[in-house]
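Full structure from sequences and hints, please.
There are 2 protein chains.
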Amino acid sequence: MSKDHLKIKVPATSANLGAGFDVFGIALETPYDIIEIEKSECTKIVMLGRDSRCVPTDPQRNIAGIIASIMKIPVKITIHRNIPLSSGLGSSAAPAAGVAFAINEMFALGNSREELVRIAAQGEKATSGAAHADNVAPAIYGGFVIVHQDKIISLYPENIGIVAVHPEIIVRTRQARAILPKKLSLEDISFNTGNAASMVVGMMKNDIRLIGESMANRVIEEIRSNLIKGYREVKQSAIQAGASGVTISGSGPTLIAVCRMDERDKIAIAMMRAFSEKQVKSEAFITTIGKGISVIG
Amino acid sequence: MSKDHLKIKVPATSANLGAGFDVFGIALETPYDIIEIEKSECTKIVMLGRDSRCVPTDPQRNIAGIIASIMKIPVKITIHRNIPLSSGLGSSAAPAAGVAFAINEMFALGNSREELVRIAAQGEKATSGAAHADNVAPAIYGGFVIVHQDKIISLYPENIGIVAVHPEIIVRTRQARAILPKKLSLEDISFNTGNAASMVVGMMKNDIRLIGESMANRVIEEIRSNLIKGYREVKQSAIQAGASGVTISGSGPTLIAVCRMDERDKIAIAMMRAFSEKQVKSEAFITTIGKGISVIG
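Taken in order, these protein sequences are the chains called D and V. Quick note on our numbering: the first sequence kicks off at 1 and runs consecutively. Quick note on our numbering: the second sequence kicks off at 1001 and runs consecutively.
Misleading hints may appear alongside valid ones.
With a straight-line Cα cutoff of 27 Å, these simulated DSSO-like cross-link-like pairs (lysine-lysine) come out [stated by the list, open to error]:
hint : chain 1 : residue 1 : chain 2 : residue 2
1    : V       : Lys1291   : V       : Lys1003
2    : D       : Lys183    : V       : Lys1183
3    : V       : Lys1044   : V       : Lys1072
4    : V       : Lys1291   : D       : Lys183
5    : D       : Lys9      : D       : Lys291
6    : V       : Lys1151   : D       : Lys183
Example chain V residues on the side facing chain D (calculated, C-beta under 8 Å, incomplete) [unchecked claim]:
hint : residue
7    : Gln1149
8    : Val1171
9    : Gln1175
10   : Lys1182
11   : Leu1184
12   : Ser1190
13   : Val1200
The hints are simulated quantities; they were obtained by calculation from the structure and are not laboratory data. Backbone N, C-alpha and C define an ideal beta-carbon position, used for all residues, glycine too.
Structural data, given as structure tokens:
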């Protein structure tokens, strides 16, 4: 028996984690969007909350509508937005993953989580041009995910403190990708591979220090950091305040720090202050690696 | 009280494992060299066993002698060789790691394992031109290692079947490195990073299938495979016989297959037969991921 409405909570996500460019992602406990879907003759979209006026409600131009169209099921979709737009925190992945998950659940379609990731990634492709699943996969699986070809591996580290600081800077994903070099040297690749491998060990052992130390990424992070005013100072201030590592969340401009749970507040304050000293306003999310989409009604 | 002689067993090692170029390495249970050291006025080297006539005994030209010289301690070194020369199984790393370990032990120098890796890697650099520690580190630590900058992470998977088939083909490490491209594309890098990350999960979970599937490496393996006559056929025959993955050991020409312990014999036969059909003689080592250097007398 399928329901006629469903309410879910969809987490923000952070892709790359430095070393795992286009491969790693984590789900954050906060912020999150609330998405409601209801049976309907045709797909309609209602946007509420943060930045909602900046997002088109035309179903053909809205990622949530595109997902309903891919799944060939019309629904009324109400999105209570909390994840800041263009922040590097998966603000388009959340509705993509959420609507795919919710339609599958409400109509008992029986798609596996892997299939839902594929559907959601198609929606991401339609809006951003790239079908990377490193945000939609952690949104659906929760925890830390390795996205590799058609395979997704998920791990569930606990008590990993995350501080995500979102500065008021505009970084477009396309631009952040366009400035990257086309190729990297074998030496830089080995460095990044070593960090990616160490990161996985850190996630499996709940080792905050190892996770943080493994966040460094040669070339890609260095180049992208130029798009974020204050990057160097904010990173340094987070490390000085106790963070074990800092990296750009996705293509930015949000920076995430990894730390002990009890050091999050102190680190958030230090990072916001460092942005402020560069005349950049910012907001901080005090969070942790969380679970994936959950049904709340 | 330091002893006046010491006898150790030093394992063969396999670097790269496909996805972890210059980063991953494993210790093999077999083959292994036996190394004896004795106090002496000046460094002398005695080579016994396999290929021993091909290795110089002049201490300044022999890697074991070079290590003694780096550590500034003269010793008489007797090496009973079993690891085939220029095979991709760490035949120079074994005496480098072994002598560093043995001198440290016999003279109670108190070097950490990380320091011993650094010393042994210096010896590798003196003879091969490159200071990669992806063979000396697994020789010293045992298990599966991630070698990253000055940090070594070791994991100890159990019951991972390894078949190492060494064909009578000459591949020089320098040549195998010289043919590599200087750079890789971001897409190929993400593929390899995904495999490297998956490999680590496989090693932590003793997941033979995941380890095998994660061995694929784009570009580097494809290019190096051209130096190994029969590569494609041998790989295919191993997979057909039940191996979950096959890759080039170090810079080759040995190929290693990962499989269940009870399928090793069958896979070894299939691989040797495939080489034989290409008129290439080969020998197989039926082994597993083993421990590092051990003192036996």
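Here's how the hints hold up against the structure:
1. With a C-alpha separation of about 24 Å, the suggested pair Lys1291(V) and Lys1003(V) falls inside the 27 Å cut-off, and the hint holds.
2. For the proposed pair Lys183(D) and Lys1183(V), the alpha carbon gap of about 6 Å is at most 27 Å, so the pair holds.
3. For the given pair, Lys1044(V) sits about 14 Å from Lys1072(V) by alpha-carbon distance, which is consistent with the 27 Å threshold.
4. The suggested pairing of Lys1291(V) with Lys183(D) is violated, with an alpha-carbon distance near 37 Å, which exceeds 27 Å.
5. A distance of roughly 10 Å separates the Cα atoms of Lys9(D) and Lys291(D); the hinted pair therefore holds under the 27 Å criterion.
6. At roughly 26 Å between alpha-carbon atoms, Lys1151(V) and Lys183(D) fall within 27 Å of each other, so this suggested pair holds.
7. A cut of 8 Å between beta carbons decides the hint on Gln1149(V): the least distance to chain D is about 7 Å, and the hint holds.
8. Annotation: interface hint on Val1171(V) violated; nearest CB of chain D at approximately 18 Å, more than 8 Å.
9. Residue-level restraint check for Gln1175(V) is violated (minimum Cβ-Cβ distance to chain D is 16 Å; threshold 8 Å).
10. For Lys1182(V), the suggested interface contact is upheld, since its CB lies about 6 Å from the closest CB of chain D, less than 8 Å.
11. This hint holds: Leu1184(V) has a C-beta 6 Å from the nearest C-beta of chain D, less than the 8 Å allowed.
12. A distance limit of 8 Å between C-beta atoms decides the matter here; for Ser1190(V) the minimum to chain D is near 4 Å, and the interface restraint holds.
13. At a threshold of 8 Å, the smallest CB-CB gap from Val1200(V) to chain D is about 4 Å, leaving the interface hint in force.
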